[in-house]
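Protein sequences, first through last, are from chains L and X. The opening position of the first sequence corresponds to residue 1 in my numbering, with each subsequent residue numbered one higher. The opening position of the second sequence corresponds to residue 1 in my numbering, with each subsequent residue numbered one higher.
No lab work stands behind these hints: they were computed from the structure. Glycine residues also receive a C-beta, built at the ideal position from the N, C-alpha and C atoms. Honestly, I wouldn't trust all of these hints.
As the list claims (entries may be wrong) - Reference listing, derived: stretches of chain L covered by chain X, where coverage requires no fewer than 3 residues with Cβ under 8 Å from a Cβ of chain X: (1) 134-140; (2) 158-164; (3) 193-205.
What the hints assert, rightly or not - List of simulated lysine-lysine pairs, BS3-like, C-alpha gap at most 25 Å: (4) L:K194 to X:K58; (5) X:K254 to L:K132; (6) L:K194 to L:K37; (7) L:K16 to L:K161; (8) L:K194 to X:K246; (9) L:K161 to L:K134.
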Amino acid sequence: MIAIIDYNAGNLTSVKRAVTYLGFQCIVTNDVREITKAERIIFPGVGAAGSAMDSLKRLSLDSAIKDVFAVGKPILGICLGTQIILSHSEEGDTPCLGLVNGYVRNFPNKIKSEDGNLLKIPHMGWNSINIKSKHPVLSGIREDDEFYFVHGFYPDPDDSKYIIGTTDYGMSFASIIGFKNIIATQFHTEKSGKPGLALLKNFCKWEP
Amino acid sequence: MLSKRIIPCLDVREGKTTKGIKFKNNIDIGDPVEMAHFYYEAGADEIVFYDITASHEKRDIMIEVVKHVAKTIFIPFSVGGGIRTVDDMRKTLLAGAEKVSVNTAAVKNPEIISKGAKAFGSQCIVLGMDVKYVGERENIPSGYEIVINGGRTYMGIDALEWAIKAQELGAGEICLNSIDSDGTKNGYELKLTSLISKNVNIPVIASGGAGKPEHLYDVLTKGKADAALIASMVHYGTYTISEIKKYIDSRGVKVRKTW
């Protein structure tokens, strides 16, 4: 069973639908027991870091996630979930879970594309990834595959060896982070067509 | 680098698309779920549904459509038409839409934008704007006026001012439809699109007037649009999404090429 963590951070039904479509069993839950019992967990989310951390603490999910991480079960972070696994977010100056050392940073003001156009924030739409190191969850994923992003802040792990993939948006940022039993994507893999489903399927079978 | 998005738009009335896709082999599909799946497989970057069901009692049919679509396609899609309250938004998003779009309801009650953005996040709130060129005048300094009822009712609101206000209220994206070019197949309204796009910091989807791939290229470059809405040029099989993308790519604009 895969537990999709529900912490009042956006609509989680799309993750559930994608996992179900792929033929895996999952539940959307905020029950600590269910989460600890699950074989693997997906940690999605959209919204602001501060209110998300508040909800996690209120529901005691922060320690549940840390426990799951410590016992080595596979964890997939998606979007806000990927940011919150780091130590600290510039969004509302929020201390986060700290499973991976690093910061969540605001895109610089007035970043520009290569042709000099001002880029819009949030970074929203389809973008490609540059694969920095091999990872089983990326099996079959090609560099020209694109993924769907919606975010105004980006993850920045301290140690670059945990950066599995980067994406360019006026600058290069970590769009896939891999550390021990965590794999985390800044993009919405559940909304990224076939490459996204392939990644999700790889995760559902991953034995770190 | 971010890709420019190509977005087919499907008009739905009481659960059926009003214009089926006419393929080259003349098979007609009137089911929005099948059409959405067809475009998903064909390389659409996103899909827009516009519910034109007149009767409010029959609006739940659209929610059922959304639920079915969400089970079969795994790209973002938005739903507009008839969304008047935060509760309408909630129902549609929970059914599986990524975004909801408000147009007339927002003109009449701009607060729906801020309430929706607060409840669900700006990224799900699209402002639909129907715009007509009326010439520059005192209350319409840009020369472009907001209209409703398919262009029959002038609202006395300047389109540029409205776009900026909607962004401040928390809209995450603008779907900008030019009533003047809608249905002409002579190309998008480039001047309007670039005017709005340059003056807001949220993405702009251009709508109205697409007839050939060159029109999309123009609006994504000169028009500074982030995405282009298409309807009849793909519904009737004149072009495939793949052909349109190949053309745009050949002229050096980044589009998503694998799916």
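The hints, checked one at a time:
no., hint, result
1, 134-140, "violated (count 0)"
2, 158-164, "violated (count 0)"
3, 193-205, "holds (count 5)"
4, L:K194 to X:K58, "33 Å, violated"
5, X:K254 to L:K132, "22 Å, holds"
6, L:K194 to L:K37, "30 Å, violated"
7, L:K16 to L:K161, "31 Å, violated"
8, L:K194 to X:K246, "20 Å, holds"
9, L:K161 to L:K134, "11 Å, holds"
Violated hints, in rising order: 1, 2, 4, 6, 7; the structure is consistent with all others.
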